[in-house]
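Here are the chains, one letter per residue:
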Amino acid sequence: MTESTLRRGPRRARRWHLHLILAAAAAFMVVPFAWQLLTVFKSTAEVTRIPPTILPHGWSLHAFETFFDTVPFWSMFAVSAGALVLRVGGQVVVAALAGYAFARIPFRGRGLLHGLFLAMLMVPSQLFLIGQYGLIRDLELLDTLPALAIPGLFSAFGTFLMRQAFLSMPDDYEEAARLDGANPFQVFWHIMLPMARPTVAALAVLTGLYSWNDLLWPLIVSPSGENRPLSVGLAGLQGQFGTDYPTLMAGAFVCSIPLITVFLVLQRQFFAGIAGSGIKG
Amino acid sequence: MTSSATKLPRRPSGRRGGVSAPNGWWALAFIAPATIGLLALYVWPFLRTVVDSFQDVPAFGPATWVGTDNYTALLHDPEFWQAFRNSALYTAIVLLGVPIAIALAALIEQVGRGRAIYRVLFFLPVVTLPVAIGMVWRFIYNGDFGLLNTVLSWVGVDGQYWVADPRFTIYAFGVVGIWMGLGINLIILGAGLTAIPKAVYEASALDGAGRVRQFFRITVPLLSPSIFFVTVLSVIGALQMFDLNFIMLRGVNNTALADSKTIVYLFYEKAFVQFHQGYGAAIAVVLLLVIMIATALQFRLQRSWVFYD
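Protein chains in written order, with my numbering: chain F, 1 to 281; chain V, 1001 to 1309.
Since the hints were made in silico from the structure, they are not lab data. It is possible that part of the hints are untrue.
Covered stretches of chain V (chain F as the covering partner; in silico rule of three or more C-beta atoms under 8 angstroms from a C-beta of chain F) [said to hold, decoys possible]:
1. 1062 to 1074
2. 1083 to 1093
3. 1102 to 1114
4. 1120 to 1134
5. 1163 to 1170
6. 1298 to 1304
Heads up, incomplete: computed chain F residues facing chain V, CB under 10 angstroms, no partners named [stated by the list, open to error]:
7. P72
8. W74
9. L153
10. I191
Computed spacing ranges between beta-carbons, pair by pair [as the list claims (entries may be wrong)]:
11. F:D143 with V:T1064: 22 to 32 angstroms
12. V:A1073 with F:M195: 30 to 40 angstroms
13. F:E175 with V:V1220: 20 to 30 angstroms
14. V:W1065 with F:T48: 49 to 59 angstroms
15. F:R137 with V:A1073: 39 to 49 angstroms
16. F:L141 with V:V1157: 33 to 43 angstroms
17. F:G134 with V:F1299: 40 to 50 angstroms
18. V:L1301 with F:F28: 45 to 55 angstroms
19. V:I1218 with F:D143: 31 to 41 angstroms
20. F:P223 with V:A1296: 48 to 58 angstroms
For each residue, glycine too, the CB sits at the ideal point set by N, CA and C.
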C-alpha cells in the first residue's frame, strides 16, 4: 500500500541511488573479509611487498597448512562448542525455571528477590570477574571446560527475559493442566515452556553468540593455555606468528567459519533474537 | 494440589493468591538453582570487588584494609586518566555509528528485493569472532603494507601508522567499533521501523511532504524509542571495550599500547596480569559509576527528545 503510493513517478531513479548508497556501505562491510580471504592465498613475501598486490599471484594453500600444523584447531573448536552447549543448555533451563516462578507462582519475598536479579542485570560484567575467578581457582577448575561455562549458566538477563515471556501467557492452559492433576513442574515443562519457544530461541541465540565470542573470561580462566577456546587460541596465534599475515588471516578465517555458517542457516532466529531482546529488555 | 485449587477462587489461584504451602515449596524448587547461582557467582563477587577496592590484596596471603587509598591512587594515576579519556573518545566515535545506522535502516526498509542480502552483509561482523576482527583490521591498518594506506596512496594521501601511532589508535578502534556494531543496531532499528504505521507516511505524502522531510518529521520521532535504546546499548558496550584493545595492540613491542589502553584493558592488566587485585577492583567500581552516570544522564536527556505514544 505504501509501496504503491511512495514508489510512483521518479521512483526508478531513486531506487537506483538507494542501491548505490547501500552497496557502498555493504562494500565497506565486506572489504575486510575479502582482504582477509585474498591474503590467505598469498605468500608472506607477497604480503609484505610495497605496494602490496591485490590478487594473490600463486593462490598458495601454505597458510592453511601452517595454521593446521601448529594450532590444535579441532580441540579448540571442541572446547568452544562444548562450553557453548553447556552454557546455553544450562542457562535456558535455569533461567526458564526461575522466570516461570517469578511470573506465575506467588511466594513470599518474590518482589524483593526479583529486585535483586534486576539489580545484578545492571552491573557490568567486569565487576564479577575477580570474585568469579577466585571461586573457579578455589574449586581447582582453572583450565577446564566447566570453568568457561559455569558463570554463564546463571543469568539475570535470561531470567528476566523468560519471566517476561511467561507473564504474557494466558492462564487457561495452565489451569486446564492443573485441573487434570498435573503438578507445577509438569505444567511448566509440558505446557508453558513449549509455548515460550520463541523466547527460548532468542535467549539461546544471544547466549550462544556471547559464549562463542567472549574473550576476557576465557583468557582469565585458561592461564596455562590448556583447554582454551577458539577466541583465546586465536589471540595466542597473534603472538606466535606476529607478522606471518597469511597464517594469521587463515586462522582468523577458519575460526570464524563455524559461527558464520550457523548464522547463515539460522538467520531468522538470529534476527528475532536480537530484535526480541531489544523490545523486551 | 487439588486442595489448593478448591480452596482458592479460580482466577487468582495461579497469580496473586495468598501464599499457600505447596506453592511456596514449588516456588523454592523453581527458583533455587538460579538464586544460588546468582548469589554465589554474581552477588558475592560483586560485593567482594567492592570490598577489595578498599583493600590491598596481595597474590598470596591476607588482604589488608587500606580505606580509600586505592581510589586516591587511581585519581592521581595518569595512566588511569589516559584510559578514561581513551574510553570516552572511543565511546563518542562509536556513537557516530547510531545516525549512520538510522540512515541505513531507513534505506534498507525501502528496499524491496535484496533487503535480506543487505541485512546479512551488515550482520556478518556480529557473528565473527572479535579476535578475528581485531586481527584483520590490524593488518588493514598496518603502516607499511596495510590495505588502508595502499588505498590512500591511490588518491595521493600519505599513509599513517594507524595502530602503532598513539595519535590515531583510538580513532582506528572507533571505526572498527562502528563497523562491528552496525549489524545489531540495524536489527533493532529495523524492528522499530516496521512498527511505524504506514498510514502516517501516506497521510504526509498526500500533504506533499518529501522523502527527506518525512525522514526527519516522521521516521526519526516515531523511531526515537528504538534510537534511544540503541544509543544506551552502544554507550554501555563501548565503555566496556576490551577485545580490540587486546588484539590490535598485542605483542610486537607496540609502544602505542602504553597510551591507548581502555578502562577495561587497564582493569584486566592490573587485576589479572599484575595481580594488583585491590587496585583492579577500584577500577571496576569506577567503571560501574561511569556507566551508571552515563546511563542516568541519557535517561534524563531522553525526556526532551524521545517520543512515546
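Right, here's what the structure says about each hint:
no.	hint	verdict
1	1062 to 1074	violated (count 0)
2	1083 to 1093	violated (count 0)
3	1102 to 1114	holds (count 7)
4	1120 to 1134	holds (count 14)
5	1163 to 1170	violated (count 0)
6	1298 to 1304	violated (count 0)
7	P72	violated, 16 angstroms
8	W74	violated, 16 angstroms
9	L153	holds, 6 angstroms
10	I191	violated, 12 angstroms
11	F:D143 with V:T1064: 22 to 32 angstroms	holds, 30 angstroms
12	V:A1073 with F:M195: 30 to 40 angstroms	violated, 54 angstroms
13	F:E175 with V:V1220: 20 to 30 angstroms	violated, 45 angstroms
14	V:W1065 with F:T48: 49 to 59 angstroms	holds, 55 angstroms
15	F:R137 with V:A1073: 39 to 49 angstroms	violated, 26 angstroms
16	F:L141 with V:V1157: 33 to 43 angstroms	violated, 52 angstroms
17	F:G134 with V:F1299: 40 to 50 angstroms	violated, 34 angstroms
18	V:L1301 with F:F28: 45 to 55 angstroms	violated, 30 angstroms
19	V:I1218 with F:D143: 31 to 41 angstroms	violated, 56 angstroms
20	F:P223 with V:A1296: 48 to 58 angstroms	violated, 37 angstroms
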